[in-house]
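Read top to bottom, the protein sequences are chains A and B.
The numbering of the first sequence is the numbering used here, which starts it at 531 and goes up by one.
The numbering of the second sequence is the numbering used here, which starts it at 87 and goes up by one.
Note that these hints are calculated values from the structure, not bench results.
Built from N, CA and C at the ideal position, the CB exists for glycine as well.
Please note that a few of the clues may not be correct.
What the hints assert, rightly or not - These stretches of chain A come out as covered by chain B in the derived footprint (C-beta under 8 Å, 3 or more residues):
hint, stretch
1, 550-557
2, 561-575
3, 605-614
4, 644-656
5, 669-679
To be verified - Chain A side only, calculated, beta carbon under 8 Å to chain B, not exhaustive:
hint, residue
6, T535
7, L537
8, A540
9, A541
10, F543
11, A602
12, L617
13, L685
14, V701
Stated by the list, open to error - Here are a few chain A residues that face chain B, going by a calculated C-beta distance under 8 Å:
hint, residue
15, A581
16, H582
17, V662
18, A700
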Amino acid sequence: MDHRTRLLEAALFAAPRPLTLDELGVLDPDATDADWRKAIEELREHYETGAHGVELVEIAEGYQILTRPIFAEAIERAAFAQRPMKLSGAALEVLAIIAYRQPVGRAEVEEIRGVSSGGVLKLLQERGLIEVTGRSEGLGRPLLYATTPLFLEHLGLGALSDLPRTDELAVALRPPQAEP
Amino acid sequence: MTAPGTPAPASALEEAGFVVTLERFSGPLDLLLHLIRREEIDIWDIPVARIADQFLAVIHVLGLDEAAEYLEMAARLLRIKAQMLLPRRGDEEPWEDPRHELVRRLLEYQQIREVVDWMARAARLRAERHARGWVPPAPETPPPPLVYDIEELLESIERVLAMMPDPIIYRVLPRPLDIEGATQRALDLLAERAAFPWRDLLGGAPTVADVLSSLVALLELARRGLLLLAQERPFTPVMITRGPSYETA
Chain A
531 MDHRTRLLEA ALFAAPRPLT LDELGVLDPD ATDADWRKAI EELREHYETG AHGVELVEIA
591 EGYQILTRPI FAEAIERAAF AQRPMKLSGA ALEVLAIIAY RQPVGRAEVE EIRGVSSGGV
651 LKLLQERGLI EVTGRSEGLG RPLLYATTPL FLEHLGLGAL SDLPRTDELA VALRPPQAEP
Chain B
87 MTAPGTPAPA SALEEAGFVV TLERFSGPLD LLLHLIRREE IDIWDIPVAR IADQFLAVIH
147 VLGLDEAAEY LEMAARLLRI KAQMLLPRRG DEEPWEDPRH ELVRRLLEYQ QIREVVDWMA
207 RAARLRAERH ARGWVPPAPE TPPPPLVYDI EELLESIERV LAMMPDPIIY RVLPRPLDIE
267 GATQRALDLL AERAAFPWRD LLGGAPTVAD VLSSLVALLE LARRGLLLLA QERPFTPVMI
327 TRGPSYETA
């Protein structure tokens with residue numbers, strides 16, 4: 531591994547969250563995004579082929595070193611790793627609606643769920659999974675919510691586009707073609 | 087979801103009464119989808135009358151029949167049920183299916199539930215990988231101080247009142263005290279008489295406001311030294327006499 535790849539490894543090791551290309555850029559002003567991509571590829575390859583317990587994962591529009599899932603049970607049993615937060619069904623519902631409709635106001639979330647959702651929105655905001663991105667022009671100028679990078683991190687997604695497309699879902703919004 | 091045209095099986099629920107496990111439904115749409123799945127009903131052709139009856143019975147059994155959201159859905163179902171009963175005029179006029187909007191919402195919600203399942207799976211897989219120094223926000227942190235605005239407060243009051251079987255609501259009427267008038271009456275009486283029982287100040291048929299006005303006026307005059315309040319023995323009338331500052335006033 532060359533110097534830059536080792537710098538990348540050190541930075542990812544030190545960071546408490548995934549690092550984006552922009553953030554990596556600060557480490558070395560001479561390196562371009564392409565240089566970093568090359569380093570990322572090299573480090574990924576290194577973990578892949580060199581029989582390591584960790585791997586380099588693309589997550590939350592950045593990169594992070596994560597342990598391999600096969601060690602999950604042993605690590606959990608030992609109970610020295612932080613447990614990720616657990617989200618209720620209601621919280622996931624609100625997150626799903628926001629993820630697909632962002633930026634979206636509370637009224638629309640409640641209209642789709644059929645139940646009031648102020649408390650859940652507040653909780654998700656406190657947990658840093660959603661944030662207020664502005665106000666709607668509508669009556670009362672309601673707050674608009676969007677998901678945060680932590681949301682992607684929580685689900686292990688590289689980007690919002692990794693969510694299933696609505697036309698990939700089993701539930702169709704239109705009736706099956708009428709058979710004669 | 088069954089194919090369209092599949093006959094819905096006779097409901098075992100209807101015969102055996104409603105055996106409902108205390109599942110947690112995340113809302114009326116969730117409950118409705120649950121019923122539709124359970125009855126193996128084609129979502130594009132919901133027998134509204136049957137589903138409405140079941141919905142009402144289930145929310146009653148689960149004690150949800152006081153939750154506004156469930157009641158609203160119950161009302162909606164009954165309205166659609168009524169609209170379905172209206173005679174249709176053959177095929178001449180285009181007929182707007184009264185179930186259309188409900189079906190749209192159910193499907194939209196069902197899509198969200200599918201995404202929720204997908205997201206829960208993704209979160210589970212992510213939880214199998216540990217990051218060095220990945221510190222999720224600690225859920226144990228004390229909750230932030232409660233901040234309510236007046237609208238939330240009023241909404242809560244309405245919810246609580248709606249839950250009370252027989253709410254007793256008092257209307258509070260402001261009754262302004264007339265302290266100036268009472269003060270003048272006390273001074274007039276003092277000018278006439280050197281001493282009088284405080285009851286004389288109240289006159290004929292005093293209201294609560296009159297008594298309070300007189301009391302405040304007397305205390306204020308006593309504080310200013312214009313009169314003295316004295317009681318000879320416990321339970322005897324309180325006597326009012328001129329105070330040290332009376333002559334100078």
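We went through each hint and held it up to the structure:
no.	hint	verdict
1	550-557	violated (count 0)
2	561-575	violated (count 0)
3	605-614	holds (count 5)
4	644-656	holds (count 5)
5	669-679	violated (count 0)
6	T535	violated (18 Å)
7	L537	violated (16 Å)
8	A540	violated (12 Å)
9	A541	violated (12 Å)
10	F543	holds (6 Å)
11	A602	holds (4 Å)
12	L617	holds (7 Å)
13	L685	holds (4 Å)
14	V701	holds (5 Å)
15	A581	violated (17 Å)
16	H582	violated (13 Å)
17	V662	violated (15 Å)
18	A700	holds (6 Å)
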